[in-house]
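Residues per chain are reported as follows:
Protein chains: 2
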Amino acid sequence: MKVGFIGFGEVASTLTIELLINGAEVFTCVEGRSDFSRNLAQEKNVNTVPTNEALAQKVDIILSAVTPAAAIDAAASIGTNFKGTYVDINNVSPEVVKSALQHIKQGKVVDAAIIGSVNRKKVQILASGKDAPEFAQLNDFGLNIKIIGTEIGQASGIKMLRSSYTKGVSALLWETFYAAYKMGVDEELFDVIGNTEGSEFKKSAISRMISTAFHASRRQEEMKEVQLALSLFEDPVLAKSTERKFHQIAQKLKRLDKKPDTYREAFLLWEKL
Amino acid sequence: MKVGFIGFGEVASTLTIELLINGAEVFTCVEGRSDFSRNLAQEKNVNTVPTNEALAQKVDIILSAVTPAAAIDAAASIGTNFKGTYVDINNVSPEVVKSALQHIKQGKVVDAAIIGSVNRKKVQILASGKDAPEFAQLNDFGLNIKIIGTEIGQASGIKMLRSSYTKGVSALLWETFYAAYKMGVDEELFDVIGNTEGSEFKKSAISRMISTAFHASRRQEEMKEVQLALSLFEDPVLAKSTERKFHQIAQKLKRLDKKPDTYREAFLLWEKL
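Those sequence lines, one after another, are chains A and B. Offset between the first sequence (1-based) and this note's numbering: plus 30. Offset between the second sequence (1-based) and this note's numbering: plus 30.
Errors might be hidden in some of the hints.
Identical copies go unnamed one by one, so any copy, or any two together, can satisfy a pair.
Said to hold, decoys possible - DSS-like cross-link-like pairs, simulated, lysine-lysine; straight-line CA separation at most 30 angstroms:
{"#": "1", "residue 1": "K270", "residue 2": "K302"}
{"#": "2", "residue 1": "K233", "residue 2": "K32"}
{"#": "3", "residue 1": "K212", "residue 2": "K176"}
{"#": "4", "residue 1": "K232", "residue 2": "K138"}
{"#": "5", "residue 1": "K302", "residue 2": "K288"}
{"#": "6", "residue 1": "K135", "residue 2": "K302"}
{"#": "7", "residue 1": "K212", "residue 2": "K128"}
{"#": "8", "residue 1": "K212", "residue 2": "K138"}
{"#": "9", "residue 1": "K88", "residue 2": "K302"}
{"#": "10", "residue 1": "K284", "residue 2": "K160"}
{"#": "11", "residue 1": "K232", "residue 2": "K288"}
{"#": "12", "residue 1": "K88", "residue 2": "K113"}
{"#": "13", "residue 1": "K232", "residue 2": "K160"}
{"#": "14", "residue 1": "K160", "residue 2": "K212"}
{"#": "15", "residue 1": "K176", "residue 2": "K284"}
{"#": "16", "residue 1": "K128", "residue 2": "K288"}
{"#": "17", "residue 1": "K212", "residue 2": "K135"}
Everything labelled a hint here was simulated from the structure, so no lab data went into it.
Please build the complete structure, drawing on both the sequences and the hints.
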């Protein structure tokens, strides 16, 4: 199986490790890419080609793994002759996936989404679209792909909805526990909420608050895509306020150069800056 | 131990059962109260007195268990001579508790909050204030009181913060799963979120969405108190949007005369009305 990546950052290089171990051949084009991507591709012993059109001639499956803003251009860059399977695995809303895949004139198309951090062992990849089984062949080459529907937009949609929930909870925790901390009842509140939310609540809540302090700016950006996805169906008032809360946090904390050790340290930094 | 209730609704009548079984004497004033309260007091064989001032002369501890709007008047109604312990157990913000307790000129004062439904066996009651141990004597008479701090406002504050979190999660679930339902991926989304949130996630999420459909109007009101409590420390953007989401739901669903059987039924009713 010959697999080509458009973009060779963290997602591509991490998936490449599994693919190579399991006997696939991996290709990418590094012309015009960053030094970071070039070095990664060299380090992983990936075959390089001069252009994305050349890539399309070489491989059976193309995975687009670029920055969200580049997703549509990536699909356009392979030209109109590709007859294999094109997979959009970018962190973008269903509408953007649909726009990107319109550039694939002859090939098969798949919507895919990585659930959670790509660095986790055997990270789960959701796939949708009637051609998703073509992509799922890569399960024989070390990936962990689950087909969840026959429509383009479902896999990327689930990723957006998961973000809507988990990022909303993070923002809610910050708002609630900041007030608790100021009232001197934060420890007690973990117990009281933990009584109904389960024994993992405290650990998970603390981890989310610390992580929010460090990633508020990136999460604020991600919430814009979430709002777009939800607004097709309703007025996403929670998604809007989640973005607003991350904005309030990021405004003061964007200069952090490491994760705070505790959530109280994060709150203190937030107050001081 | 002689315990007096101001107000004799669900909270008072439920706590009375435990108190009487465990050897306390219970008093209340039913003059000018609703037939519902009169009947409850009669049914539970509670001693009645003609006025709240008379109540204050009879008992060691007074528990104020009235509607939120009546909390301050309740404290004023016992006059200025009460030397026992006055406990505000109402569902109100810390600021309202403080205002109410200012009317108790000579007695001891305690802030208390019922966590969860009063109908649960041995429901947890949090108490704060330096006189909280006086109230906690009722643990010898069947109650389940936990002292969580020495300041008035901490117990009622924790109740508000618990509401901030649990009601926020409910609103977030509604917003997220309504979009999932419209995209045809709601079942899959339970699995994907459940992977990180734990095995109870689906059951708990469904129960919260059904409950939100039925209680949206009351919850919207409760979120106003939560906003007041949080706004002493920060701009409560999540609490505002949680109120707004309950408002969106209540506008269409306020006429429900029973809980929907499923969350999909709730979403269907919401779309149709």
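Run the structure past the numbered hints and jot down the numbers of the failing ones, going up.
-> Hints 2, 4, 6, 9, 10, 15, 16 contradicted; others consistent.
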